[in-house]
Amino acid sequence: MRLSLKVWRQSDKDAAGGFEDYKLDHVSPDMSFLEMFDVLNEQLIEEGKEPVAFDHDCREGICGMCSMYINGRPHGPLRGVTTCQLHMRSFKDGDTIVVEPWRAQAFPVIKDLVVDRDAFDRVISAGGFVSVNTGNAQDANALPIAKEAADDAFAAAACIGCGACVAACKNASAMLFVSAKISQLALLPQGQAERSIRAEKMVAQMDAEGFGACTNTGACSAECPKEISLENIARMNREYIGAKFSSSAV
Amino acid sequence: MSWFSQTLTSSIGKKLLMALTGLFLISFLVIHATINAMIFYNDGGETFSHWGHFMGTNPIIRTLEIGLVAGFLIHIIDGLMLWKSNRDARPVKYAVNNAAANSTWYSRSMGLLGTLLLIFLVIHTSHFWIPNRSNQFATGEELNLYQMMLDIFQNPIVVLIYVLGCVSLFWHLLHGFKSAFQSLGLNHVKYNGAISFVGTAFSIIVPILFALMPISIYLGWVK
Ligand code: HEM
Ligand code: SF4
Ligand code: FES
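Those sequence lines, one after another, are chains A and B. Take 1 as the starting number for the first sequence in my numbering and just add one per residue. Take 1 as the starting number for the second sequence in my numbering and just add one per residue.
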């Protein structure tokens with residue numbers, strides 16, 4: 001395959017940045033999108049140019065690092081697929097592909113296609129955990145959990161923190177991510193002790209990071225590689241409003 | 001800040017206010033549309049004026065009207081604040097954005113549709129509500145709203161503005177009705193179908209009913 005690429009290049013956080021055009025003549029349809037970028041980078045290195053910086057780690061759809069906004073959509077044209085699991089057979093010979101970083105106030109560009117997603121870590125640090133002293137693992141049957149609750153918690157826990165929801169949302173809202181993290185713990189017995197304070201603190205941190213609010217367009221869930229459901233956002237709204245009006249934290 | 005104002009100024013709190021005021025405005029639309037539809041009796045405005053008089057003079061309704069004005073103000077101010085902070089959350093736009101692949105245009109245009117409704121509201125209240133209430137305040141007498149309608153809707157430009165207002169209302173409600181339930185956390189497999197059905201039906205029926213009023217008067221169907 002022959003491809004034309006328009007890739008966002010930006011030397012550091014404060015630099016202006018702009019698009020650069022590249023041509024690739026020997027792209028295999030079986031390559032992943034990131035492998036195609038490896039080929040581009042080798043070509044750039046051979047030409048004595050600076051390779052394109054992009055985030056990646058597992059390359060098997062589980063770490064959430066591979067943030068690329070491809071032809072106007074996070075993680076490219078397929079549903080439920082990360083950039084690393086997107087293959088060049090999803091494109092046509094002669095295509096022009098535009099690649100940009102996630103765009104959000106809370107996700108500043110560090111370099112080229114790499115953005116700083118520490119805001120997500122700070123939201124998790126605010127309450128996305130269970131504080132218990134670990135001891136011996138207790139018998140699994142000691143804590144009965146309804147099958148539906150376990151299934152919903154598991155589906156929410158599939159979130160890999162990639163930030164595609166923020167990237168896709170017209171408001172750069174992080175509510176799908178935050179609601180998945182609040183839900184996975186609110187649904188399980190281990191999460192009950194800190195349930196209210198968790199919802200209050202995580203939402204407060206989400207707001208402090210400068211993410212937008214939700215307009216319920218559904219773009220996040222449609223673009224989420226793990227297809228996290230909007231039901232989680234409704235649950236977060238219930239958790240937060242319920243906690244705010246009933247908890248003893250003034 | 002007290003916990004209460006902190007709650008209502010948080011992102012979810014702002015959405016809570018939008019949803020509550022939005023549903024309140026929807027309940028107002030039910031009453032407004034029902035009473036105005038009395039003109040279709042085509043009885044020279046007798047039934048319409050009877051109910052109009054009740055709405056304009058009954059002390060309970062007049063008290064609720066203060067709540068309605070407050071509801072509108074909160075919805076509008078909160079909506080514009082959300083629109084601003086949501087825009088600030090993405091200072092650099094995408095060069096290429098294929099939003100149509102993941103969401104409807106009208107769900108992404110609530111601020112624009114709301115602003116069109118606001119412009120319509122200014123025109124609409126200056127036609128009927130403001131002159132009538134100021135006359136009541138000055139002289140204690142109500143104006144003949146039915147006759148005013150017959151006069152105002154002789155102008156095709158005015159009829160067009162009202163129809164466009166109804167079109168904006170249709171799109172605003174088509175997303176807003178369902179969205180309000182999601183904002184309130186009311187998302188449940190057993191009820192989502194019903195909410196979606198009632199929301200779509202409401203968004204179609206009410207704007208059509210409203211649009212038919214100026215059209216019928218202009219075309220002389222209602223005299
Ligand atoms: C009769 C008139 C109106 C009705 C019945 C109405 C109803 C609604 C409803 C039900 C929602 C959904 C709330 C939610 O998502 O939780 C909504 C959202 C919204 N409305 Fe209205 N509205 C009206 C007029 C207006 C006006 C005049 C404005 C002026 C700015 C406005 C601006 C907005 C905005 C910006 C949103 C979206 C907020 C967001 O989710 O980001 N609306 N409206
Ligand atoms: S909710 Fe989906 S899109 Fe958002 S961070 Fe989690 S996996 Fe990524
Ligand atoms: S590189 Fe790990 S999810 Fe794509």
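Treat the hints as calculated values from the structure; they're not laboratory data. None of the values given here were measured: they were computed from a predicted structure. Just so you know, even glycine gets a beta-carbon here, dropped at the ideal spot from N, CA and C. Don't take every hint at face value.
Said to hold, decoys possible - Simulated coverage check for chain B against chain A, where a stretch passes if three residues somewhere in it have a Cβ under 8 Å from a Cβ of chain A:
| hint | region |
| --- | --- |
| 1 | 10-19 |
| 2 | 79-86 |
| 3 | 89-97 |
| 4 | 101-107 |
| 5 | 182-196 |
Claimed, not checked - When the alpha-carbon atoms are kept at most 25 Å apart in a straight line, the in silico SDA-like pairs for lysine to any residue are as follows:
| hint | chain 1 | residue 1 | chain 2 | residue 2 |
| --- | --- | --- | --- | --- |
| 6 | A | K201 | B | N98 |
| 7 | A | K92 | A | A150 |
| 8 | B | K190 | A | A16 |
| 9 | A | K201 | A | D116 |
| 10 | B | K190 | A | E227 |
| 11 | B | K93 | A | G161 |
| 12 | B | K190 | A | D151 |
| 13 | A | K92 | A | K111 |
| 14 | A | K92 | B | E65 |
| 15 | A | K92 | A | Q105 |
| 16 | A | K92 | B | A101 |
| 17 | A | K23 | A | E35 |
| 18 | A | K13 | B | R87 |
| 19 | B | K93 | A | V250 |
| 20 | A | K111 | A | G191 |
| 21 | B | K14 | A | V250 |
| 22 | A | K13 | A | D30 |
| 23 | B | K14 | A | C63 |
| 24 | B | K93 | A | P77 |
| 25 | A | K49 | A | A150 |
| 26 | B | K14 | A | S248 |
| 27 | B | K14 | A | S11 |
| 28 | A | K201 | B | W83 |
| 29 | A | K201 | B | L20 |
| 30 | A | K111 | A | A16 |
| 31 | B | K93 | A | S11 |
| 32 | B | K93 | A | I197 |
| 33 | A | K111 | B | D88 |
| 34 | A | K6 | A | N133 |
| 35 | A | K23 | B | N97 |
| 36 | B | K190 | A | S229 |
| 37 | B | K14 | A | D151 |
| 38 | B | K190 | A | A150 |
Next on the checklist: Checking one constraint from the list: CA of B:K14 to CA of A:S11, max 25 Å. Satisfied?
Outcome noted: Violated, at roughly 38 Å.
Checklist entry - Taking only the CA atoms, is the gap from B:K93 to A:V250 under or equal to 25 Å? => result Violated, because 38 Å separates the two Cα atoms, which is more than 25 Å.
Checklist entry - In terms of beta carbon proximity below 8 Å, does the region 182-196 of chain B have 3 or more residues touching chain A? => result Coverage by chain A holds here, the residue count being 6 at a Cβ distance below 8 Å.
Next on the checklist: What's the verdict on A:K13 and B:R87, does the C-alpha distance respect the 25 Å limit or exceed it?
Outcome noted: Roughly 21 Å separates the two Cα atoms, so the pair holds.
Checklist entry - Has the given pair, A:K201 with B:W83, been kept, meaning a C-alpha gap of at most 25 Å? => result holds (24 Å)
Checklist entry - Do three or more residues from the region 89-97 of chain B put their C-beta atoms closer than 8 Å to C-beta atoms of chain A? => result holds (count 9)
Item to check | Pair hint outcome, A:K92 versus B:E65 [Cα-Cα no greater than 25 Å] | outcome: violated (60 Å)
Next on the checklist: Given the hinted pair A:K111 and B:D88, is their Cα-Cα distance within 25 Å?
Outcome noted: With a Cα-Cα distance of about 22 Å, the restraint between A:K111 and B:D88 holds, given a limit of 25 Å.
Next on the checklist: Just to be careful, I want the Cα atoms of B:K93 and A:S11 compared with a cutoff of 25 Å; is the pair within it?
Outcome noted: Roughly 19 Å between the alpha carbons, so the hint for B:K93 and A:S11 holds.
Next on the checklist: Tell me if the straight-line CA distance from B:K190 to A:S229 falls inside 25 Å.
Outcome noted: Judged against 25 Å, a Cα distance of about 16 Å means the pair holds.
Next on the checklist: Please verify whether A:K23 and B:N97 have alpha carbons no more than 25 Å apart.
Outcome noted: Holds, because 22 Å separates the two Cα atoms, which is no more than 25 Å.
Checklist entry - Going straight from one Cα to the other, do A:K92 and A:Q105 come out at no more than 25 Å? => result Between A:K92 and A:Q105 the Cα gap is close to 33 Å, so the pair fails against 25 Å, i.e. violated.
When held up to the earlier numbered hints, the structure conflicts with 6, 7, 8, 13, 14, 15, 19, 20, 22, 23, 25, 27, 32, 34, 37 and fits the remainder.
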